[in-house]
Every structure is written in C-alpha cells, then in structure tokens.
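Colleague: So the protein lines, in turn, are chains A and B. So for the first sequence, this note's numbering puts the first residue at 1; every next one is plus one. So for the second sequence, this note's numbering puts the first residue at 1; every next one is plus one.
The set of hints was computed from the structure by calculation and includes no laboratory data. Hints should not be assumed to be uniformly reliable.
What the hints assert, rightly or not - Only pairs whose alpha carbons sit at most 30 Å apart, straight line, appear in this in silico DSS-like list of lysine-lysine:
hint	chain 1	residue 1	chain 2	residue 2
1	A	114	B	18
2	B	83	B	71
3	B	71	B	18
4	A	20	B	57
5	A	69	A	56
6	B	83	B	9
7	A	69	B	83
8	B	22	B	83
9	B	9	B	41
As the list claims (entries may be wrong) - Quick partial rundown of chain B residues pointing at chain A, CB under 10 Å, derived from the structure:
hint	residue
10	2
11	42
12	53
Ideal Cβ positions, reconstructed from N, Cα and C, are used throughout, including at glycine.
Here is how the chains run, residue by residue.
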Amino acid sequence: GDSVTQTEGLVTVTEGLPVKLNCTYQTTYLTIAFFWYVQYLNEAPQVLLKSSTDNKRTEHQGFHATLHKSSSSFHLQKSSAQLSDSALYYCALRDYGSSGNKLIFGIGTLLSVKP
Amino acid sequence: GGIITQTPKFLIGQEGQKLTLKCQQNFNHDTMYWYRQDSGKGLRLIYYSITENDLQKGDLSEGYDASREKKSSFSLTVTSAQKNEMAVFLCASSIRDRGLAEQFFGPGTRLTVL
Numbered sequence: 001g002d003s004v005t006q007t008e009g010l011v012t013v014t015e016g017l018p019v020k021l022n023c024t025y026q027t028t029y030l031t032i033a034f035f036w037y038v039q040y041l042n043e044a045p046q047v048l049l050k051s052s053t054d055n056k057r058t059e060h061q062g063f064h065a066t067l068h069k070s071s072s073s074f075h076l077q078k079s080s081a082q083l084s085d086s087a088l089y090y091c092a093l094r095d096y097g098s099s100g101n102k103l104i105f106g107i108g109t110l111l112s113v114k115p
Numbered sequence: 001g002g003i004i005t006q007t008p009k010f011l012i013g014q015e016g017q018k019l020t021l022k023c024q025q026n027f028n029h030d031t032m033y034w035y036r037q038d039s040g041k042g043l044r045l046i047y048y049s050i051t052e053n054d055l056q057k058g059d060l061s062e063g064y065d066a067s068r069e070k071k072s073s074f075s076l077t078v079t080s081a082q083k084n085e086m087a088v089f090l091c092a093s094s095i096r097d098r099g100l101a102e103q104f105f106g107p108g109t110r111l112t113v114l
C-alpha cells in the first residue's frame, strides 16, 4: 500500500541557519496531493503547505517545498530557522486508494531551534 | 472559518473502564475523523465517517467504537481502557472533495489510564 517516510525523528538546528525536513513517499497513483502539517506545543495540527503539481515550488510562512515525482519527495525547507519554528512537523499523502479524503501521515519530525 | 471542539481536554480513567470522547465541528463538513497520536508513531486513523450516516474503520479500530450522532458531532469510545495507557486523541474534519482539500484538526483529548 501507499506509505510516507520521515527519516528523522528529531532535527536540531541553530537559529538563523537553514533547515531541511525530509519526506518521501510510495504510491501507485499518478495523481498526487501532498501536505505538510505543523503542530505547535499544546495546539492542533494545521496545514503549512500543500501541493499537487510536480516540480512547482510552494511557499508559506518562510517555508517552501517542491513536489518531485521523479524522486517521490516533498522535502520541507527554510533558509533561516527561527525559534518560533520549533514544533512537530508531519508530512501526509492523499490516499487515493480509499474513500473519505483520507491522509497517510508520516511519523513526524520534531524540529528544535536553538539560540 | 470554523472551529473543532473536543471534550474533555483531559481524561483520566481506570483500567477496564469505558471512556467516551466527543468532537463538534461548525465547518459544516461532511467527513469527520478520529486519530490517535503517539510519539514516534505519527497520526493513526481509528475511525472516520464520510457522511452523517456512515462509519468506517481505520487502521487502529480494535478496542474502539465510534458514533456519528449528527453532521456536526462525532464521538469515540474506548471500550476497555488499558492500564498505563497514555495518548492524545485528535478529531478532524474535511469536505468530501479530494485533491488538496485539507483536514482541520481539533486541539485533542489527552487520555491517561491509571
């Protein structure tokens, strides 16, 4: 079945330096819809970025990601990390193999930004 | 805009107890979901309901029941709480359309079983 892989459980970065959170996927479907969710401490997860277009850069709140079907990836990047970016980040793939608008989530990456 | 409300915010139960978690949304969304969040395991789908009179099992449905009372509300029951269990249960909702339609999440119910 379809799957999503986030390889790092914890990423620690110094404030002002670039950060990259990795996300790859496996699917048998040609149509892709991909999401990055962010969850701040004691808050609900919320969408940060989403895309369904191959090789098109998507940006929001200083973060960017590009869906690359050739490498099955949708990595999240930011050129200069801020202390307020510390949070739990999930990538998620639309599950086209089932009904109900389901999403397949990765296990999450905790981003810790240090001064 | 809209909001998803989950009650209670914190739930403490005893081993073997039946516990019910409630979720309300005012987005007027058709589809609602219950997820369990455990550290290092991501968000795992327990139950979902595509429309008001529908109920579907997710990957983690064993040990749980769900009920869609009306379009705006979706309840989850832990049928027999497991000792030392700790988890966060998240409710979400979305429109029925696929593509880039996102799921909106509630703040969660934190369960502790003594």
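Colleague: If any of the earlier hints don't hold here, list their numbers in rising order.
Modeller: Failing hints, ascending: 1, 2, 4, 7, 10, 12.
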